[in-house]
Amino acid sequence: MRRKIYAATLAVTLAASLILAGCGSSGNTANGSGNSDQNEASAAPGSAGEVYVYNWGEYIDEEVIDMFEEETGIHVVYDMFETNEEMYPIIEAGARNYDAVCPSDYMIQKMITNDLLAELNFDNIPNYKEIDPEYIERSREFDPENKYSVPYTWGTVGILYNTSMVAPEDAPTGWNDLWDEKFSGEILMQDSVRDAFMVALKALGYSMNTEDADELAVARDLLIEQKPLVQAYVVDQVRDKMIGGEAAIGVIYSGEMLYIQEEVANLGLDYSLEYVIPEEGTNVWIDSWVIPKNAQNKENAEKWIDFLCRPDIAKMNFEYITYATPNKGAFDLLDEELQNNKAVFPDIESLQNCEVFRYLGEEVDQMYNDMWKEVKSK
Amino acid sequence: MSRKLLAGPYLIWVIGFTVIPLLMIVYYGLTASSGAFTLANIAAIAQPEHAKALWLALLLSLISTVVCLLLAFPLAMILRSRGVGKGSFVVFLFILPMWMNFLLRTLAWQTLLEKNGVINGILGFLHLPKIAIINTPAAIVLGMVYNFLPFMVLPLYNVLSKIDDNTINAARDLGANFFQTLVWVWIPLSVPGIISGITMVFVPALTTFVISNLLGGSKILLIGNVIEQEFTKSGNWNLGSGLSLVLMVFILISMMLVEKYDKNGEGTAF
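Top line first, the protein sequences correspond to chains G and W. Heads up: the first sequence begins at 333 in the working numbering, then just goes up one per residue. Heads up: the second sequence begins at 98 in the working numbering, then just goes up one per residue.
Fair warning: there could be bad hints in the mix.
What the hints assert, rightly or not - Taking lysine to any residue and the SDA-like style, the derived pairs with C-alpha atoms no more than 25 Å apart in a straight line are:
1. G:559 - G:612
2. W:316 - G:518
3. W:316 - G:576
4. G:514 - W:214
5. W:101 - W:113
Stated by the list, open to error - The following label-pair restraints were derived from C-beta to C-beta distances:
6. W:134 - G:429: 29 to 39 Å
7. W:112 - G:576: 43 to 53 Å
8. W:123 - G:421: 17 to 27 Å
9. W:134 - G:414: 28 to 38 Å
10. G:626 - W:192: 47 to 57 Å
11. G:626 - W:196: 42 to 52 Å
12. W:134 - G:461: 55 to 65 Å
Worth flagging that the hints you see were computed from the coordinates, not collected in a lab. Idealized CB from N, CA, C, for every residue including glycine.
Let the hints inform the model, and build the full structure from the sequences given.
This is the structure we're talking about:
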């Protein structure tokens with residue numbers, strides 16, 4: 333969901349180099365020589381066809397791509413996107429026929445609704461059994477029959493607070509604490525429509541996927557009420573501002589937590605940043621692999637997805653991406669300390685009231701956007 | 098004939114990258130998402146949140162323009178008095194930061210102004226009271242003034258350096274004091290530069306969304322932010338275009354002002 337800040341810059345350079353590399357070797361396959369000059373792969377990449385992969389920037393350990401090519405002989409053409417919204421029109425228009433794509437929950441639902449996805453053949457994905465049933469069950473919110481998607485990463489949205497600025501007895505437990513006057517000028521909110529409304533709707537006890545105009549209006553008024561207390565509405569900057577001690581409390585994606593904990597330790601800061609999953613429930617997001625309907629190499633794509641589900645590979649990717657993995661096999665391979673890191677792998681019980689974002693259709697989206705504008709203009 | 102041929106590439110450039118995009122904005126602005134003709138996107142400026150955003154943008158960019166003018170005029174006079182060589186070196190110093198990316202410079206201001214930022218660090222070290230202007234309209238005005246000041250200095254310096262010393266000396270010989278010379282000689286002769294500078298500061302300040310996002314903490318919605326949001330987040334290109342057309346009215350007004358007062362293009366910056 334939320335990429336790391338440097339992803340943007342890195343993605344550009346990476347994409348450029350990968351596309352170049354991709355061009356180079358696809359040229360080789362066209363010649364029929366299969367003579368790869370850029371790596372000493374044992375199975376010549378391309379000898380078993382190709383797979384076109386479209387993934388988030390910074391969302392895979394690159395070594396995994398090489399390993400896949402080596403083991404299967406399938407050549408990987410790897411491209412990256414920054415947002416779901418950027419990815420969607422490319423798949424829809426069929427501008428390039430991607431075989432495996434990794435969108436988020438609500439976007440997968442939109443793609444299913446608009447008939448853009450192919451049903452997966454799970455016989456070709458034996459490692460699917462490694463995925464924790466908990467996340468397969470949660471995926472039903474956007475993929476009701478679990479026919480189209482294989483979970484790749486997941487996480488929550490919660491409250492991050494600075495232990496030196498928040499007294500232990502004031503430690504936040506729920507979204508309502510973001511309306512506490514004690515934190516006036518010390519609150520960082522997410523600057524995106526659905527995330528901001530999720531906070532207010534959950535604080536009110538409503539569903540974060542509500543389509544009810546009255547409930548939304550109440551949430552809007554609550555956000556307007558909160559605005560004087562808010563220091564700033566930010567997206568990726570929450571992480572750096574919180575590390576820098578700019579604010580006491582902020583709304584953040586759990587995927588950032590490992591980085592934050594490492595950074596706080598590296599900088600030798602005299603405070604720590606704690607992550608809380610609000611008791612009212614929050615957004616559980618899942619990014620999953622899907623295969624578009626217009627894919628040319630469906631079986632190769634299934635091999636790709638299966639490879640990513642292999643526990644050792646999933647572990648490599650987790651260590652690189654640091655977003656929680658739904659892969660039970662990979663989880664079992666991790667150090668105990670990481671397994672017990674509640675910010676990354678929260679207890680299932682704390683996710684009781686959580687929901688997954690659903691695509692609500694254009695009209696409801698418009699309603700959210702209009703109300704968000706009202707909040708921002710106050 | 099050969100002259101016309103030479104104009105070809107520029108013609109293609111202007112048509113491809115100015116005229117056609119502009120026509121597309123007009124088309125989007127005057128149609129609903131279904132493609133039917135409508136004025137609703139234009140009329141939407143009257144909605145309270147849009148009207149407020151426009152009003153705020155006008156106010157902040159007006160303040161910035163006035164501040165820029167007050168800072169730039171004395172500076173341009175000083176530059177002129179230092180003669181061509183030294184003066185143009187100082188002008189060069191003013192242009193120098195513009196070689197760096199606009200976004201980076203604005204981000205730098207964020208780091209400077211933050212609660213635990215550089216400025217507050219220095220103030221704290223000196224046991225002085227800290228400033229708290231980040232995420233306020235004042236920070237936005239500061240960002241506008243910093244980013245657009247060169248656009249005011251350059252045209253002013255340009256017109257002032259063309260004023261003949263004899264004109265000034267004549268005024269002084271005839272008994273005018275400094276203030277009278279300023280009001281009756283300096284300012285009237287620099288009107289083209291002033292108008293050009295005002296336009297070059299006011300128009301980008303009015304339409305900015307980056308400065309208000311970065312220095313205003315996204316808490317202060319300017320009309321530029323509304324338009325940006327319609328294009329990038331809400332996906333409502335029609336409304337975004339409609340509001341852009343409304344903004345264009347203000348830009349046209351300022352261009353007409355330039356046309357009226359700066360007929361010979363004396364005040365152009367470069």
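Each hint tested on the structure:
Pair hint residue 559 (chain G) plus residue 612 (chain G) holds up; C-alpha atoms about 21 Å apart against a cutoff of 25 Å. A hinted pair counts as satisfied when its Cα atoms are at most 25 Å apart, and residue 316 (chain W) with residue 518 (chain G) qualifies at roughly 14 Å. For the given pair, residue 316 (chain W) sits about 20 Å from residue 576 (chain G) by alpha-carbon distance, which is consistent with the 25 Å threshold. Under the criterion of a C-alpha separation no larger than 25 Å, the hint pairing residue 514 (chain G) with residue 214 (chain W) is consistent with the structure, at around 22 Å.
Taking the CA atoms of residue 101 (chain W) and residue 113 (chain W), the gap is about 18 Å. The hint holds against a cut of 25 Å. For residue 134 (chain W) and residue 429 (chain G), the Cβ-Cβ distance of about 37 Å falls inside the hinted range of 29 to 39 Å, so the restraint holds. Between residue 112 (chain W) and residue 576 (chain G) the beta carbon distance is about 48 Å. The supplied range of 43 to 53 Å therefore holds. A hinted range of 17 to 27 Å for the beta carbons of residue 123 (chain W) and residue 421 (chain G) is consistent with their spacing of about 23 Å.
At roughly 35 Å, the beta-carbon separation of residue 134 (chain W) and residue 414 (chain G) lies within the given 28 to 38 Å, and the hint holds. Between residue 626 (chain G) and residue 192 (chain W) the CB atoms are about 51 Å apart, so this pair conforms to the stated range of 47 to 57 Å. The hinted window of 42 to 52 Å between residue 626 (chain G) and residue 196 (chain W) holds, with their beta carbons roughly 46 Å apart. Taking 55 to 65 Å as the suggested C-beta distance range, the pair residue 134 (chain W) and residue 461 (chain G) conforms, at roughly 58 Å.
No hint from the list above goes unmet by this structure.
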